[in-house]
Amino acid sequence: MRPKDFISISDFDRDFLDDLITTAAKYKSGKFDNKPLKNKDIALLFFNPSLRTRISFELAIKQLGGSPSTIGVGGQTWNLEWRSGIPMDSDRAEHVIDAVRVLERYYQALCIRAFPELQDIKVDASEPILSAFAKHSKNPIINMESCISHPCQALADIMTVREVAGKTNKVKVALFWTYHPRRLPLAVTLSFLSAAVKFGCDLTVCAPEEYFIPSEICSETKKVKFVSNPSDLDKDTQIIYAKSWSSPKLYSQADQDLSGRQRYKDRIVNSNLLKIAQQAKIMHCMPFRRNVEITDEVADSDSNLMYQQAENRLYVQKAVLNKFVS
Amino acid sequence: MRPKDFISISDFDRDFLDDLITTAAKYKSGKFDNKPLKNKDIALLFFNPSLRTRISFELAIKQLGGSPSTIGVGGQTWNLEWRSGIPMDSDRAEHVIDAVRVLERYYQALCIRAFPELQDIKVDASEPILSAFAKHSKNPIINMESCISHPCQALADIMTVREVAGKTNKVKVALFWTYHPRRLPLAVTLSFLSAAVKFGCDLTVCAPEEYFIPSEICSETKKVKFVSNPSDLDKDTQIIYAKSWSSPKLYSQADQDLSGRQRYKDRIVNSNLLKIAQQAKIMHCMPFRRNVEITDEVADSDSNLMYQQAENRLYVQKAVLNKFVS
Amino acid sequence: MRPKDFISISDFDRDFLDDLITTAAKYKSGKFDNKPLKNKDIALLFFNPSLRTRISFELAIKQLGGSPSTIGVGGQTWNLEWRSGIPMDSDRAEHVIDAVRVLERYYQALCIRAFPELQDIKVDASEPILSAFAKHSKNPIINMESCISHPCQALADIMTVREVAGKTNKVKVALFWTYHPRRLPLAVTLSFLSAAVKFGCDLTVCAPEEYFIPSEICSETKKVKFVSNPSDLDKDTQIIYAKSWSSPKLYSQADQDLSGRQRYKDRIVNSNLLKIAQQAKIMHCMPFRRNVEITDEVADSDSNLMYQQAENRLYVQKAVLNKFVS
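From first to last, the protein sequence lines are chains A, B and C.
When we follow the numbering used here, the leftmost residue of the first sequence carries the number 11, and every step to the right adds one.
When we follow the numbering used here, the leftmost residue of the second sequence carries the number 11, and every step to the right adds one.
When we follow the numbering used here, the leftmost residue of the third sequence carries the number 11, and every step to the right adds one.
Treat the hints as calculated values from the structure; they're not laboratory data.
None of the values given here were measured: they were computed from a predicted structure.
Be aware that one or more of the hints could be misleading.
Identical copies go unnamed one by one, so any copy, or any two together, can satisfy a pair.
[Stated by the list, open to error] List time: in silico DSS-like cross-link candidates among lysine-lysine, alpha-carbon distance up to 27 Å:
1) K36 - K333
2) K235 - K259
3) K45 - K333
4) K38 - K148
5) K177 - K285
6) K48 - K208
7) K50 - K233
8) K148 - K41
9) K38 - K72
Produce the complete structure using the sequences and hints provided.
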């Protein structure tokens with residue numbers, strides 16, 4: 011029995027996720043070429059911009075025989091309200107409840123992207139938009155990145171680790187906070203962290219202390235080592251996952267997060283960092299800012315795995331759609 | 011002989027429209043599964059946002075074997091001018107005449123959405139954009155909601171009435187004006203009113219007097235009863251069609267319409283209204299504002315037919331495309 | 011051996027281009043109906059708006075058996091950076107290098123539209139965006155209009171000349187600068203000029219002197235006659251190609267270009283101009299401004315070839331895709 015929705019890594023055990031990655035690898039190898047979405051229509055609902063996620067979902071759906079409809083909320087369509095019980099007198103002309111009840115009569119599944127507001131960590135952790143869709147839809151809801159969760163990315167990431175290291179158990183991975191001029195969501199960070207722990211990686215988070223992940227928002231952090239200085243990275247680190255994220259500690263204080271991080275502009279993946287961990291390969295979920303998060307030199311070297319991660323998104327999404335929609 | 015275009019309910023007699031609804035019902039039942047749009051390309055041109063209309067047209071076209079192209083005017087493409095004979099020195103870079111002459115070489119039909127300006131009722135009633143397209147296009151023009159007309163919605167509405175009441179003749183329907191924070195077009199109101207009268211419904215319009223529909227803009231109003239108080243609704247009303255619209259009387263006085271309606275905030279479909287008409291089912295074209303137009307309680311009850319209406323859009327559009335394009 | 015990319019008319023000799031037009035004519039006649047793009051996915055990347063180019067590319071790809079993905083850069087997706095070696099701290103969240111490396115794993119070809127900044131003619135002439143894509147992509151890059159080049163338009167234009175005149179050699183063509191309230195790119199102008207010279211047309215450019223095309227930005231101008239007054243047009247001119255463009259001389263002085271051109275508001279294709287060249291047919295790449303660039307009278311007459319040009323875009327793009335992608 012599988013759950014109706016694919017929303018968060020933490021909803022599934024390792025075997026279930028492993029099975030998805032194995033299916034993804036079969037799609038990648040060309041050994042598996044089924045059409046489970048034949049005569050099926052799938053809606054892709056974007057509350058926020060996307061490149062990789064959108065095109066990899068569109069192609070995955072088409073290549074599985076289905077037909078995708080990409081819908082930009084608030085652009086060519088109405089803004090959607092998701093709060094319950096309030097009088098709808100804002101600029102949001104339609105409620106998620108009602109959009110769902112219409113969309114589920116037209117489509118066999120809904121894939122949703124809805125970023126956090128980054129104001130109140132409890133609100134964001136409750137996944138207000140995704141959970142409204144999941145609650146009201148009889149059909150599967152697939153997460154294309156929500157407030158605190160990006161499960162398709164995490165599966166593509168673990169698939170990449172497995173391709174590169176031949177396994178995931180005991181692989182030494184550092185999740186490395188980089189400077190970034192904007193406050194980014196925690197979704198990729200938390201989903202990768204959860205998945206890496208589930209898959210037995212030996213995970214270190216390297217970040218300034220105010221960017222450490224508290225166990226209240228991610229229980230797997232108990233199995234993670236935290237270090238605050240790049241120089242504390244193990245020299246036999248196999249993979250450095252570069253990523254910026256908002257400070258959980260300063261979540262409601264955007265200005266302090268942004269001014270405080272100015273002193274961390276040296277948190278960049280460059281050749282100096284690779285002197286500490288000389289064998290490390292570099293991962294990133296993309297998009298990334300050259301010479302801010304990662305230098306040109308490192309990004310253009312053979313140690314960069316991010317294009318492989320991006321390609322794996324296509325196969326992972328096929329595996330997820332095959333499992334949850336067919 | 012059918013006309014070239016499908017623009018307004020008032021262009022067709024009951025038999026013609028009845029035939030379209032019968033075809034729609036066949037599509038819905040699955041008894042009819044033809045591919046009249048095979049190798050046909052259809053353009054969907056949106057001057058304004060859309061959810062239901064866009065996705066139901068896209069799916070209808072695909073399921074009939076054709077290929078839809080959704081084009082957002084002024085977004086990813088140029089703004090279009092529709093006034094004749096003027097020097098084009100505004101921000102509208104292309105004329106409808108010329109867009110049509112190109113589009114008709116690529117596509118077998120054009121579906122258009124173009125809302126009114128809500129400034130001059132005579133201008134809006136002349137359908138400046140739709141009639142420019144219809145005049146210059148050799149191919150069929152299908153109305154996806156224009157200034158004063160939304161014929162596909164009206165057909166889906168009548169189809170829903172027939173499904174629920176088993177007939178349309180003598181069915182007691184109230185078109186109920188609700189409060190809304192914005193001035194909405196008259197298109198759904200007028201098309202439903204025309205269609206309900208044509209199909210023999212016993213129609214009452216319940217609205218504050220300045221929202222009554224004058225016969226100059228809709229001749230079928232002569233067969234309609236107007237009441238100004240919700241308490242005047244017949245207690246055996248079978249269907250309450252909730253809808254807000256701009257005041258025809260204050261059409262050029264937006265501020266007075268908006269300030270004047272503040273005293274009508276109690277015009278909402280709630281359990282009190284359903285004490286007057288206890289058996290009434292609720293219709294709405296969607297999107298609707300919860301707890302402004304209709305309460306959660308009523309919207310989430312079994313008396314709400316709006317999702318059925320929205321689903322019927324798909325079948326009605328198949329019937330229209332099958333008739334006008336194939 | 012063909013080059014990898016289709017970026018500029020000046021990269022190809024007449025035989026190569028002639029062959030493309032001949033293939034386009036076969037597609038138009040219906041004699042040729044292959045599916046070279048079967049199971050192929052093609053991305054259409056738009057940095058700027060489009061109508062004809064977008065829909066003709068989409069339809070061409072579909073009709074050749076492929077599947078197009080239309081992506082509006084900076085709208086539903088991230089803004090892209092194309093400058094090399096800089097720290098990416100602007101609002102451009104992703105670099106072209108990285109977008110290409112992802113897109114080439116999903117798509118078999120990229121078609122790009124990227125207009126000029128119209129500030130520095132040397133920057134624009136270096137085609138910063140297109141050349142970044144071409145440099146980094148292993149797959150074909152097709153130009154859908156760049157800073158100074160619009161090769162698909164030029165091929166459709168030459169195809170139209172050939173259809174109308176039965177040949178291209180010695181056909182008397184005037185490229186006629188019209189007044190326009192905005193500064194337009196030089197892409198159509200330069201590509202048509204290059205193509206017309208290559209195909210042996212007897213080409214005259216008629217424009218105020220500050221709008222003459224210097225040989226530094228287009229070497230074919232040496233074979234072109236320049237006249238500054240409409241009255242200097244040959245009376246046996248067979249084709250007047252109406253087009254506005256920015257002043258190359260005032261390229262970095264936008265205000266002076268715009269104020270200076272106010273005295274040229276009479277540069278419009280009207281019946282007076284057609285008294286000078288009585289047999290001339292009118293071409294334009296569209297969109298055009300009625301009664302600013304061309305009068306209604308001329309646009310609505312039989313001498314107007316622009317809809318034929320627009321239709322030919324479909325066949326030319328099929329020929330280009332068939333050659334470069336299959």
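Here's how the hints hold up against the structure:
Taking the shortest alpha-carbon separations for K36 and K333, only the intra-copy value of 14 Å comes in at or below 27 Å, while the best inter-copy value is 33 Å. Taking CA atoms no more than 27 Å apart as the test, K235 paired with K259 passes inside one copy only; the shortest distance there is 18 Å, against 63 Å between copies. Taking CA atoms no more than 27 Å apart as the test, K45 paired with K333 passes inside one copy only; the shortest distance there is 12 Å, against 30 Å between copies. Taking identical chains as interchangeable, the C-alpha atoms of K38 and K148 lie at most 27 Å apart only when they sit on different chains, with a minimum of 20 Å there against 31 Å within one chain.
Proximity of K177 to K285 under the C-alpha cut-off of 27 Å is restricted to the intra-copy arrangement: shortest distance 25 Å within a copy versus 67 Å between copies. With identical chains, the CA atoms of K48 and K208 are never at most 27 Å apart, being 33 Å at best within one copy and 41 Å at best between copies. In the homo-oligomer, the alpha carbons of K50 and K233 never lie at most 27 Å apart, since the shortest distance is 41 Å inside one protomer and 45 Å across protomers. In this homomeric assembly, K148 and K41 come within 27 Å of each other (Cα to Cα) only across copies, at 25 Å, whereas the closest approach inside a single copy is 32 Å.
For the homomeric pair K38 and K72, the shortest alpha-carbon distances inside one copy (15 Å) and between copies (25 Å) are both at most 27 Å.
Hints 6 and 7 from the list above are not met by this structure, while the remaining hints are.
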